[in-house]
Every structure is written in structure tokens, then in C-alpha cells.
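Number of protein chains: 2
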Amino acid sequence: MTAPSDRALVPFVSVAQMMALIGRIGLKPMLQGLAAEIEADFLRWERFDKTPRLASHSEIGVIELMPTSDGESYGFKYVNGHPGNTRQGLQTVTAFGLLADVATGYPILLSEMTLLTALRTAATSALAAKHLAPRDAQCMAIIGNGAQAEFQAMAFQTICGITRLRLYDIDPAAMRKCADNLRGQGLELTLCTSAEEAVQGAQIITTCTADKQYATILTDNMVGAGVHLNAVGGDCPGKTELHRDILLRSSIFVEYPPQTRIEGEIQALEPDHPVTEFWQVLAGRAAGRTDPAQITLFDSVGFAIEDFSALRYVLAQVRAGADCDLLDMLADPDDPRDLFGMLLRAKAV
Amino acid sequence: MTAPSDRALVPFVSVAQMMALIGRIGLKPMLQGLAAEIEADFLRWERFDKTPRLASHSEIGVIELMPTSDGESYGFKYVNGHPGNTRQGLQTVTAFGLLADVATGYPILLSEMTLLTALRTAATSALAAKHLAPRDAQCMAIIGNGAQAEFQAMAFQTICGITRLRLYDIDPAAMRKCADNLRGQGLELTLCTSAEEAVQGAQIITTCTADKQYATILTDNMVGAGVHLNAVGGDCPGKTELHRDILLRSSIFVEYPPQTRIEGEIQALEPDHPVTEFWQVLAGRAAGRTDPAQITLFDSVGFAIEDFSALRYVLAQVRAGADCDLLDMLADPDDPRDLFGMLLRAKAV
Chain F
1 MTAPSDRALV PFVSVAQMMA LIGRIGLKPM LQGLAAEIEA DFLRWERFDK
51 TPRLASHSEI GVIELMPTSD GESYGFKYVN GHPGNTRQGL QTVTAFGLLA
101 DVATGYPILL SEMTLLTALR TAATSALAAK HLAPRDAQCM AIIGNGAQAE
151 FQAMAFQTIC GITRLRLYDI DPAAMRKCAD NLRGQGLELT LCTSAEEAVQ
201 GAQIITTCTA DKQYATILTD NMVGAGVHLN AVGGDCPGKT ELHRDILLRS
251 SIFVEYPPQT RIEGEIQALE PDHPVTEFWQ VLAGRAAGRT DPAQITLFDS
301 VGFAIEDFSA LRYVLAQVRA GADCDLLDML ADPDDPRDLF GMLLRAKAV
Chain A
350 MTAPSDRALV PFVSVAQMMA LIGRIGLKPM LQGLAAEIEA DFLRWERFDK
400 TPRLASHSEI GVIELMPTSD GESYGFKYVN GHPGNTRQGL QTVTAFGLLA
450 DVATGYPILL SEMTLLTALR TAATSALAAK HLAPRDAQCM AIIGNGAQAE
500 FQAMAFQTIC GITRLRLYDI DPAAMRKCAD NLRGQGLELT LCTSAEEAVQ
550 GAQIITTCTA DKQYATILTD NMVGAGVHLN AVGGDCPGKT ELHRDILLRS
600 SIFVEYPPQT RIEGEIQALE PDHPVTEFWQ VLAGRAAGRT DPAQITLFDS
650 VGFAIEDFSA LRYVLAQVRA GADCDLLDML ADPDDPRDLF GMLLRAKAV
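So the protein lines, in turn, are chains F and A.
Each residue of the first sequence is one higher than the last, beginning at 1 in the working numbering.
Each residue of the second sequence is one higher than the last, beginning at 350 in the working numbering.
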């Protein structure tokens, strides 16, 4: 049997290799690098094929495919969301992704994306806050201290200059886990006994809870003038975190409106409620924060372009020598029309 | 660094492993096994989540995602179609696929599907012909002798009892390649100099050409009474193989109408032109061939359920001991909420 040709071999970045890559680059520089890649792609937003992600819902979770293309590269992510998984010792969210060459349709990178999604989500949140939060923001509340919390903390420290964190989770063990993990990172940590206590004095409020249901993590009276809200956890039909009255008082910024209308906090509003596409703020085409008393809300659900940016970042690292495996994933006979002959020569027929 | 847990490891069937699997089972028994799996899934058609595949078109090709779910398992295939690829020595179609557990969202199988798609396409065509072609059919014409042709030939021999093949390709080298590959398989082969010659005496006509454009492989006068047409190559908007007048004389059977209206031969017809869903013929809910003089057309574009069936067939083989690799694809920390802690313990932060 002949060995597969180079074209049949797809670079694959495993979980262990992604951890080694984060370790080599450093988490903070990697968050900055991802934010820069996402910003660059958001600035060429109109060049991308965009579609709401393709979701397959069940009673206990969702499996989604998130494709996009800039005409040269095509990328997609597979991601699930199963809030009940933690009860079995499994991740709520796992993911992997792929990049392909639009000119040939051949895959060029397969990568774990459970870790990479955590990083890109935090990088996107911090990028938005850099443009929407009060300029002098130093204190952030994080409500929901699960798998995403520490990544949000590190990204806001690195990209927005946050120095103080106020943590709260309905499960004290999750809060302690988060605080333990963040100790020694130069952040001043306060553990709170309620969401009400956590938001005291915070200029930025991040919500990243996981229940797949309408929840009211923040009620109207908890959100004061001038605050930036970073709503990460509401990302499914029927899954929201903020009371509707907060939305009515906020200037709302979103990734891709057709998807956010289905999945975001704004599913609680009329379909024509005005929202601003965040890329337009980056591009100088729309205003961000215009008033210190304004409440800004980044209604983040996670969009395919962010995954595309993250995969391209990883591909650049692989091309610069980062460790990966090569998967024999694509049948590639010498004569491309002779797929059957490949089987004959391998004595499979 | 701790080794990844079992749950983080996804079985992966490479191209070499798929060739070994085909070799061990035998191509003909495997085509029969796949046809049986597809038939069983078509018989429970209504239990599947169905959607037209999500296509990203460029001027020279298409990249598609094809998801489906039966509520217990979720599957999707990545597949491209780039007719110009062969000029660079690349495959027109490459593919890979994934199965996941709906209850957890965790992937349970990743597999090459370039070879597997060739097999499942042929198995589906033969399954349809078994129910739609003239009962005594022994002679099939194959127009377009590229990568799919030999698989069609073997499937029709195995499943429909075809003994004589009439081959034609616009490129004589492709036709010779096809004939050389099929020699010794117990089929009587005739090489023809035109499509007109190829269809002489054939009770089944299979078209599997690859150009991404409207083509007229068959004109109206070439298709006589009683013939079964197996149209495989027309599977993209703007890509068809049959003259419209043939369609108007035919009883048309399709996989999933919302997708076939976009991609199949019937894109040349009015959107309400009557077609029969093939699964209903299998289920005894719709008539197949009712008259020896009837022209039947299986307007095949390839549907996600067929890939789901094929992946489940492969998963059963893997569970029975077929060779595969284990990919470290899913981050799976001991405490599922402690993704960041996994990085800390790996000294990546």
C-alpha cells in the first residue's frame, strides 16, 4: 500500500497540542493575538459569507455547525451545549473546527476548539468592552463562575485593564474554583454571596451562566447608569440571563443580528428593536458609548467569524512550526478519477 | 501532563483504515450492508431532523455541510465539489464525517468519507433501482466514467443483478480506466464512442458526470419507454445532466424534495412539479414503477441520512474491532467546570 500523499494529510491540533501552544505563547499574549485577529476580520465583515448557525436542538441540549467563508478560506466549527453534562462529569461545551481552501475544497486544518472557543469568546468580549465600557473601568463582576469565567477575567485584565474582580456563582464551589485559579494573576478578588452584592461598584458586569432556560440573573434595579453589560451565557432560543427591562434601558450591540435575534438576550424584544452591529463600531461607521451614563450591552452569542479568526490564528502557528499531527483524512489517488483503482492497488477489492 | 480521559478520545477511521475495512468485509458485502442500513433508516424517515444541506458556493466549486439526527445520534458530513480539481491532480469530491451522541453532544466517531461517500452513493442508487427499474434489467449504461463509475457498476451488479455494462465518457482515458478496473468482476463490458451508442439496449441509464454547469448528457430522443434513469451527477444549483423534456416524460423519485428542488435535475421544472419521495416507495406508501413502459427517474443528489447510515455502519464495525486511531480531540478536565484549571495543571498558564 502506498503512503498517502501530502495533500491527503490534514494538520490536526489536539487538546494536548493546544495546551502546549497556549503555554508556549502565553495565555495573555494569545488572548491579545486572538483579539487582534478577530478585530481584523470584523473590519472586513462584508467580505464574509454569513449565516445563522445551523442548530439541532434536543430537550437537553443543542449541537451546532457554524460555517463562514471570506472567499479564500472556509471555516466551520462543531459545538454542543449541554448544561446537564456537568452532572455526569462532562463539559457543557465541547468543540472542534476545520479550515479549508475555497479554491480546492480541501481541508487544511482540523483543531480542537473546546479550549480555543473559551479563548476566542473571552477575547471577543474584551474587544467589545474595550470600545463600549466606561474608559476608566477597573472593576468587573462575573456572575456564573463555570468553565468560561477565568478566561473572561484574564481577557478583561489583559485587553481592558481590569484590576478588580467580584465573583458570584449560585454554587459556592464553582466560585472558589474560579478564585483559586485566578490567584497570583495580579487581580484583586472579592467573593460575593449574591449577584446583588457582586454588582456593587462594578463598571462592567459579565454574566456567563449555563442553564438552558429563561433565567433572570440580573433584575432591572441591579444595573446602574454607566455600566457595561457583557452577556455571554444567553446563547440559545429560550436561554436568556437579563430581565427585559434592562434591555429597554440599554444601547444594544450584537455580532450578527439574524443569529442574535434567535439566540441572544434580544429574543425577549420585538424583532425590529434597534441594535448596532459591533463591527460597525470598530469600523467607525456607528457610535459606541456616547454618554458616561449610558448602559451598553454586548449581547454576545458567539459568531462563526470569531471561530474562523481563531482557526486562522492557529493555522499561522502551525505553519510557523507549532506541534501538530497529520491525519490521513482525504483519499487522494495518483489519478484523481481513479478512486476505485486506489482500492484495487491496496488489494481492498 | 495527565493523559486525556476516554471521553476525550474520538475514534478516527483514516483512509488507510477504510481501505482495510473494505478489504476485510469485501466491497460487495459492504455495498449490501450499506444499502441495508440506508433502507432501514429510510423506513424511519419521519424520525429524522431534515434540512437541505448548507452550501457555500464559489465560482469554481462548493463546500457543504450535511447534518441530520434521529434524536439519539447526530451526524454530519463535510463535502466539497470542485470539478476543476482533477486538472491539478486533486479529487473532485473529498469528504469526512462525524457522529455524535445527542444526549451529551460528544462526538463518537470521525471518519474519512471520500471512499465512504462513493460507496453510499452507489448503494443508494442501486437500492432505488431495485425498486424502480424494470424487473428483468440486466444491461446498464454508465455515462461519465470518473471516480464514481466503478462503484455504481459494482453496486448495480451486487444489488440489482446487472450483468452487462455499456460505458461512455467524453474522455476515452477515463473510460479505459473504468473498464480496466472492472475487468475480472464478472461484468460484460462494452466501450462506446458516444452517449447515443451507450444507451442502446440499456434498461438502466446512469449519468455521473462532474461539470458544474447545465449540461445535456441525455437528450429526449435517447430515452426510450421503460427505461430507469439514475441521475447522479446533477447535484448543485446550475448543474444538471438531463434535457428538461425527459423530466416531463418521467415519473420522478427524489430523496428530500426541499434539497432536490435546489440541486437536482428538477431545478429545471416548476417548483410544484409532482415528485415522489423514494422512502415512501420503500415504506409501501407510494407506488414505484407501475407500468413496463414507464420512464422512472431517480433524481439523486445525495442526502444527509445516507451519510448518517454509512457512518453508523462504520461505527458498528469499529465497535466490533475494526482498526481506528483515537484522537485527543475533546478537552475533558476532571472537574468539567475547571477548563482553566486543566491549563494550570498542564503548566500552560
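Don't read these hints as lab results, they were simulated from the structure.
Where hints are given, some of them may not hold.
Claimed, not checked - Simulated crosslink set (BS3-like; lysine-lysine; CA at most 27 angstroms straight-line): (1) F:K50 x A:K399; (2) F:K130 x F:K50; (3) F:K28 x F:K130; (4) A:K479 x F:K28; (5) A:K377 x F:K347; (6) A:K479 x A:K377; (7) A:K479 x A:K399.
What the hints assert, rightly or not - Simulated DEER-style distance windows between Cβ atoms: (8) F:G89 x A:A389: 32 to 42 angstroms; (9) F:G161 x A:D683: 27 to 37 angstroms; (10) A:E408 x F:E197: 24 to 34 angstroms; (11) F:A316 x A:Q487: 22 to 32 angstroms.
Bear in mind that the values here come from a model prediction, so they are computed numbers and not experimental data.
Backbone N, C-alpha and C define an ideal beta-carbon position, used for all residues, glycine too.
Checking against the hints above, which ones are violated?
4, 10 and 11
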